[in-house]
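A.B. asks: Line by line, the protein sequences give chains X and G. full-length UniProt numbering numbers the first residue of the first sequence as 1 and each following residue consecutively. full-length UniProt numbering numbers the first residue of the second sequence as 1 and each following residue consecutively.
Derived by calculation from the structure, the hints in this document are not laboratory data. Note that the structure is predicted; figures quoted are calculated from it, not measured. The C-beta atom is built at its ideal place from N, Cα and C for all residues, glycine as well. Some clues are possibly wrong.
To be verified - So the derived label-pair ranges between C-beta atoms look like this: (1) Thr7/X x Thr214/G: 20 to 30 Å; (2) Arg111/X x Gly205/G: 54 to 64 Å; (3) Asp97/G x Glu38/X: 46 to 56 Å; (4) Thr220/G x Lys70/X: 36 to 46 Å; (5) Lys67/G x Trp75/X: 29 to 39 Å; (6) Tyr32/X x Gln32/G: 30 to 40 Å.
Said to hold, decoys possible - Anything over 12 Å on all C-beta distances counts as not near chain X; from chain G, calculated: (7) Gly52; (8) Asp97; (9) Leu202.
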Amino acid sequence: MELVDVTTLQTHLSSFENEAVYIHLETTNGAYASHFNENVFNSGAFVRNVQITYELAKVVGESPHRVGLKMTHGWVYAQGITHFEMDNEGRLLMAGHDQSGKLAVALQISRTPFSY
Amino acid sequence: MTIQSERHVLVVFPHPDDEAFGVSGTISHFRQEGTPVTYACLTLGEMGRNLGNPPFATRESLPEIRKKELQASAKAMGLDDLRMMGLRDKTVEFEDDEEMVQMMTTLIDETNPSLVITFYPNYAVHPDHEATARAVVRAIRRMDAADRPKLYAVAFANNTVDNLGEPDVIHDIQHMRDAKMGAMRAHISQTAWMLEEMDKRLAEGEPEAENWFTYERFYTYKWNQDFEESF
Chain X
1 MELVDVTTLQ THLSSFENEA VYIHLETTNG AYASHFNENV FNSGAFVRNV QITYELAKVV
61 GESPHRVGLK MTHGWVYAQG ITHFEMDNEG RLLMAGHDQS GKLAVALQIS RTPFSY
Chain G
1 MTIQSERHVL VVFPHPDDEA FGVSGTISHF RQEGTPVTYA CLTLGEMGRN LGNPPFATRE
61 SLPEIRKKEL QASAKAMGLD DLRMMGLRDK TVEFEDDEEM VQMMTTLIDE TNPSLVITFY
121 PNYAVHPDHE ATARAVVRAI RRMDAADRPK LYAVAFANNT VDNLGEPDVI HDIQHMRDAK
181 MGAMRAHISQ TAWMLEEMDK RLAEGEPEAE NWFTYERFYT YKWNQDFEES F
């Protein structure tokens, strides 16, 4: 993965517009967060292999970036994206890593389903 | 205490590296004695968060890395019966409960263990650990009491000692130090920061850090205080 270059990432995001794609979206503060600090409220969300079609995609903000996908009837967005990679299967993988190297958020787009 | 001899040991945990910190010395000891050990690892740790910055892996490349680390850990422990059960990290508690019990029953029927090691229900913190522990306890509970294998459970919730007291099974595994270090280092993508912390504490002369390589502690599951009445 490499640090987000807005122009390059925007080009990749736009290349999936108006076609059915599979997405992976997750955010987490880790299963142990409230074990190590009881003041932490453990939360997270995980979506994998839900199919959507978006008409517009945008990457905005200084790093960490926000990425939003506009659909006919709704939105998908992720906050905290720092890195991205167009992998060798043509999938756009985006991730947000905190200073200690822990993954905090991921948003991925693929024309074929991600592995189960 | 002396580690009791066993006919066959079955270890059931959900994540690659769950075995490394608490059980790898014990597994290595049994293997050195020639005791068969089966390790059923339910997932490939697909949701691991320690990917580094800059990241060394993506969400999609991580499972293959962790699979190789798990195989390397098994090798370090001398373990030759590693079962990868094909569930997905952080989804174990959402699987069908009866199918989970059947998975454990099948493993037990096939390996006929005299000892099973898993987590202690309600004292294992991570939802995958809890779901794994529930399924193992339920499977063994269904057996006739006379046929049940011993059940050693790992517990590390913050209220463990308050509620369960001190562990009643303490394995001195100092003679397995190298094997245990090998297992922990095999899972380097997840254990690097803990090993760094440990090296620092050892360098500062803190004996507490020796514990991973001195003793492994378990609770014999208390069937007279079962975590649920039935399932």
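A.B. asks: Please go over all the hints and tell whether each is borne out by the structure.
C.D. replies: These are the hints, each one checked on the structure:
Against the hinted window of 20 to 30 Å, the Cβ-Cβ separation of Thr7/X and Thr214/G comes to about 55 Å, which falls outside the hint. With their beta carbons about 57 Å apart, Arg111/X and Gly205/G fall inside the hinted range of 54 to 64 Å. Look at Asp97/G against Glu38/X: about 28 Å separates their beta carbons, and that is not inside 46 to 56 Å. Take Thr220/G and Lys70/X: their Cβ atoms lie about 58 Å apart, and the range 36 to 46 Å is violated.
For Lys67/G and Trp75/X, the Cβ-Cβ distance of about 36 Å falls inside the hinted range of 29 to 39 Å, so the restraint holds. Under the hint 30 to 40 Å, the C-beta atoms of Tyr32/X and Gln32/G, about 32 Å apart, fit the expected range. At roughly 4 Å, the least C-beta separation between Gly52/G and chain X is not larger than 12 Å, which violates its mark as non-interface. For Asp97/G, the shortest C-beta to C-beta distance to chain X comes to about 20 Å, beyond the 12 Å cut-off, and the non-interface label holds.
Every C-beta of chain X lies more than 12 Å from that of Leu202/G, the closest at about 21 Å, which supports listing it as non-interface.
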